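J.: With these hints in hand, go ahead and build the complete structure from the sequences.
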Amino acid sequence: VGTQSTDTTISKEPGMLDLTIEHRSIAADADVVICEACDFDTPIPVDKLVGDDKIKAIVTYSVDGFQVQQDTYTWTLVIPTPELTNAAYNPGEASPAFDAEQFDYVLDLPVGTQATDTT
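Residue numbers (the working numbering): -8 to 110.
Please keep in mind that the hints were generated in silico from the structure rather than gathered at the bench. Don't take each hint at face value.
Said to hold, decoys possible - Here are the simulated distance ranges between beta carbons: (1) Q58 - D20: 42 to 48 Å; (2) Y52 - T76: 21 to 27 Å; (3) S53 - T(-6): 32 to 38 Å.
Stated by the list, open to error - Pairs of lysine to any residue, SDA-like flavour, derived with a Cα cap of 25 Å: (4) K45 - I35; (5) K47 - L8; (6) K47 - D9; (7) K39 - V(-8); (8) K47 - T33.
Owing to the predicted nature of the structure, the values given are computational and were not obtained by experimental measurement. All residues carry an ideal CB built from backbone N, CA and C; glycine is no exception.
T.: Pasting the structure below:
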């Protein structure tokens, strides 16, 4: 839950291939180039990740400067969002009972209360 970075390591068979790694960032609403002419078999960090982001490896095979083939491999990230699990008040009683899907509560406090601790 809440993972924000990962290392991407891409391996290949012997031969001339070019690798570009991109991060399709939901937060930035853009494709972020992580590296061009990336090294194979080397961990390449990709950070600022959120759920449904994508990591793309674009692999190009060229001969004498002419592109023969280009393949794009895409990994969609499943990163659960951290959630609250409970809220307690001292003094005070919240209504309804805490539920991560409920966003509005009423907090009943004793007469004269000017502060409450939330944990």
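J.: Hints first: check each against the structure and report whether it holds.
T.: Verification of the supplied hints:
1. Checked against the given bound of 42 to 48 Å, the beta carbons of Q58 and D20, roughly 29 Å apart, lie outside it.
2. With their beta carbons about 50 Å apart, Y52 and T76 fall outside the hinted range of 21 to 27 Å.
3. Between S53 and T(-6) the beta carbons are some 35 Å apart, a value that agrees with the proposed interval 32 to 38 Å.
4. Simply put, K45 and I35 have alpha-carbon atoms about 15 Å apart, close enough for the 25 Å limit, and the pair holds.
5. A hinted pair counts as satisfied when its Cα atoms are at most 25 Å apart, and K47 with L8 qualifies at roughly 16 Å.
6. With a CA separation close to 13 Å, the supplied pair K47 and D9 stays within the 25 Å bound.
7. Distance restraint check for K39 and V(-8): the Cα-Cα separation of roughly 14 Å lies within the 25 Å cut-off, and the hinted pair is therefore satisfied.
8. Between K47 and T33, the direct Cα distance comes to roughly 16 Å. Compliance with the 25 Å bound is thereby established for this hinted pair.
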